[in-house]
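Chemist: Sequences listed follow chains A and B, in order.
Each residue of the first sequence is one higher than the last, beginning at 1 in the working numbering.
Each residue of the second sequence is one higher than the last, beginning at 1 in the working numbering.
If you are wondering where the hints come from, they were derived from the structure by calculation, not from laboratory data.
Given the structure is predicted, the values throughout are model-derived calculations rather than measurements.
Careful: at least some of the hints might be erroneous.
[Said to hold, decoys possible] Calculated lysine-lysine pairs in the PhoX-like style (CA-CA distance at most 25 Å, straight line): (1) K120(A) - K109(B); (2) K156(A) - K187(A); (3) K99(A) - K109(B).
[Said to hold, decoys possible] Label pairs and their computed distance ranges (CB to CB): (4) D174(A) - D174(B): 54 to 60 Å; (5) A33(B) - K195(A): 19 to 25 Å; (6) K21(A) - G131(B): 31 to 37 Å; (7) H179(B) - D106(A): 37 to 43 Å; (8) K195(A) - P130(B): 52 to 58 Å; (9) P130(B) - E18(A): 22 to 28 Å; (10) G217(A) - I26(B): 35 to 41 Å; (11) G218(B) - K156(A): 53 to 59 Å; (12) E234(A) - I26(B): 50 to 56 Å; (13) R173(A) - R226(B): 23 to 29 Å; (14) G218(B) - E18(A): 54 to 60 Å; (15) S36(A) - V228(B): 41 to 47 Å.
[Unchecked claim] Per the computed footprint, the stretches of chain A lying under chain B, defined by three or more beta-carbons under 8 Å from a beta-carbon of chain B, are: (16) 19-32; (17) 37-49; (18) 85-94; (19) 154-166; (20) 190-199.
The beta-carbon is built from N, C-alpha and C at its ideal position, and this holds for glycine as well.
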Amino acid sequence: MEKTVHISTKNGPKVPGEPTKTGTSMVDTAASAVQSFAPINQIHQHLCAFHFYAYDMTRQVEAHHFCGHINEDMRQCLIYDGPDANARLIGLEYIVTEKLFMTLPDDEKKLWHTHEWEVKGGFLFMPGVPEAIQRQDLEKVAKTYGKVYHFWQVDKGHDLPIGLPNIMMAVTRDGQLYPEMIKETEKHFGVSMEKERESRAYMKGPDHGIHPLANGGGKGLKLEVREVDIKPVESVPRVFV
Amino acid sequence: MEKAVHSSTTSGPAVPGEATKTGTSIIDTAASAVQSFAPVNQIHQHLCAFHFYADDMARQVEAHHFCSHVNEEMRQCLIYDGPDANARLIGLEYIVSEKLFMTLPDEEKKLWHSHEWEVKGGFLFMPGVPGAIQRQDLDKVAKTYGKVFHFWQVDLGHELPIGLPNVMMAVTRDGQLFHEMIQEAEKRFGVSVEGERDSRAYMTGPELGIHPLANGGGKGMKLELREVDIKPVESVGSVFV
Chain A
1 MEKTVHISTK
11 NGPKVPGEPT
21 KTGTSMVDTA
31 ASAVQSFAPI
41 NQIHQHLCAF
51 HFYAYDMTRQ
61 VEAHHFCGHI
71 NEDMRQCLIY
81 DGPDANARLI
91 GLEYIVTEKL
101 FMTLPDDEKK
111 LWHTHEWEVK
121 GGFLFMPGVP
131 EAIQRQDLEK
141 VAKTYGKVYH
151 FWQVDKGHDL
161 PIGLPNIMMA
171 VTRDGQLYPE
181 MIKETEKHFG
191 VSMEKERESR
201 AYMKGPDHGI
211 HPLANGGGKG
221 LKLEVREVDI
231 KPVESVPRVF
241 V
Chain B
1 MEKAVHSSTT
11 SGPAVPGEAT
21 KTGTSIIDTA
31 ASAVQSFAPV
41 NQIHQHLCAF
51 HFYADDMARQ
61 VEAHHFCSHV
71 NEEMRQCLIY
81 DGPDANARLI
91 GLEYIVSEKL
101 FMTLPDEEKK
111 LWHSHEWEVK
121 GGFLFMPGVP
131 GAIQRQDLDK
141 VAKTYGKVFH
151 FWQVDLGHEL
161 PIGLPNVMMA
171 VTRDGQLFHE
181 MIQEAEKRFG
191 VSVEGERDSR
201 AYMTGPELGI
211 HPLANGGGKG
221 MKLELREVDI
231 KPVESVGSVF
241 V
């Protein structure tokens, strides 16, 4: 099977359909002037990292995370395939501290991946932010676990989000990410991952070490869909609980 | 199985963890001042609607969509469980015109649901926006199809996003949504679903009628996880494509 890499919105196929009409934009602007976007306004951090498919490490995608803190122990991130206005929403990620991760059922832990190597390796960075400031937060991220799904297989050139969600994983050691993909990103964002790696050598991963059940527990993971009988709404007595 | 309803963030369990520290907020603010949030800045529409699980109509969730136009025919929406700053990111939805929907493979169509009844029934609305302005956009939405996944089973009281993604569906006829849940939302947002229904009677759904394969093709759907061998990265020749 061919190697597939998706670096940023520019490399992908165009989404079919007419460009947004002026009339549409005007209605949206008028309406948005009176609406509240409080949940979105919590998003205050842009992180760039790389994910691969949990069943296929040869498929690698540059993932732009836009994150907000729910609280000190948890973040929720939207994932786009690029940093620009025309970027496609391709996935999302939840990030939790080791403390919260340890409360997850064992069956659940395998859906989560560690961030230690991504951060210490220099592969995860905050575009535009001076390294010294980035590190103040990234040293926390190095100890966390993340759960990522992608819904749009941009690396296959899909022009619409077709198929089931894909569980994604992140690097756990050197040599997993394609050097050419890394170099392109470094050039694009003016960063040097090797330099960052040196600066981040002091950072530590989870206090208890990387949990053996995380990162798929070493196995590949794939979602499938099963048709079942729908439990109908009439089956429930109408009492307000 | 019990009926499960989730009306909004205020009624859900608190996410475990410490409240966000001031230090964290300061770093985030400093960093965000220099970063670009272009993809997120495209979000300009807040829609409130109700989803039920594709395998269980007795589980219903109030879903706050924050949407942007990718182009005239496609929108991408983040779904939160409430309209406030502390809302949880629980899912996402892609919305396409009938034209784009018809280009999807048949197997794919069943994962999508129609919006005609949600809109015409008055169950889908834009909080804060006058009816006449909403309708300028909603009469387009009535003709579209959507694909929704949820990742956080807030209606079961889960404190963290545990489990596999859930395919979600939307109403296709009257009598499917729980009255009390609707009444609560009407009160909170100062809207009248029935009043809107009268005003929207003129709207029409997809030109070709609701596709028989949409809305699960009438069946329930559930995602399952399969463990497989991971295709390793060493299996690919290192040629930049």
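Chemist: Could you run down the list of hints and mark each one as holding or not?
Modeler: Structure-based check of all given hints:
1. K120(A) - K109(B): violated (42 Å)
2. K156(A) - K187(A): holds (23 Å)
3. K99(A) - K109(B): Measuring from Cα to Cα gives roughly 41 Å; hence the hint is violated.
4. D174(A) - D174(B): 54 to 60 Å: holds (59 Å)
5. A33(B) - K195(A): 19 to 25 Å: 24 Å Cβ-Cβ, so the 19 to 25 Å window holds.
6. K21(A) - G131(B): 31 to 37 Å: violated (22 Å)
7. H179(B) - D106(A): 37 to 43 Å: Given a distance of about 40 Å, which is inside 37 to 43 Å, the answer is holds.
8. K195(A) - P130(B): 52 to 58 Å: The hint (52 to 58 Å, Cβ to Cβ) holds, given that K195(A) and P130(B) are roughly 54 Å apart.
9. P130(B) - E18(A): 22 to 28 Å: Once the Cβ atoms are compared, 27 Å apart, the range 22 to 28 Å for E18(A) and P130(B) holds.
10. G217(A) - I26(B): 35 to 41 Å: holds (38 Å)
11. G218(B) - K156(A): 53 to 59 Å: Taking Cβ atoms as reference, G218(B) and K156(A) lie about 29 Å apart, which means the hint is violated.
12. E234(A) - I26(B): 50 to 56 Å: holds (53 Å)
13. R173(A) - R226(B): 23 to 29 Å: holds (25 Å)
14. G218(B) - E18(A): 54 to 60 Å: Violated - the Cβ-Cβ distance for G218(B) and E18(A), about 32 Å, lies outside 54 to 60 Å.
15. S36(A) - V228(B): 41 to 47 Å: holds (44 Å)
16. 19-32: holds (count 11)
17. 37-49: It holds: at least three residues are needed, and the stretch 37-49 of chain A offers 10 whose Cβ sits within less than 8 Å of chain B.
18. 85-94: That given contact holds, which follows from 7 residues of the stretch 85-94 of chain A lying within Cβ reach (below 8 Å) of chain B.
19. 154-166: holds (count 6)
20. 190-199: This one is violated; 0 residues, fewer than the three required, reach chain B with a Cβ under 8 Å.
Consistency note: the structure conflicts with the earlier hints numbered 1, 3, 6, 11, 14, 20.
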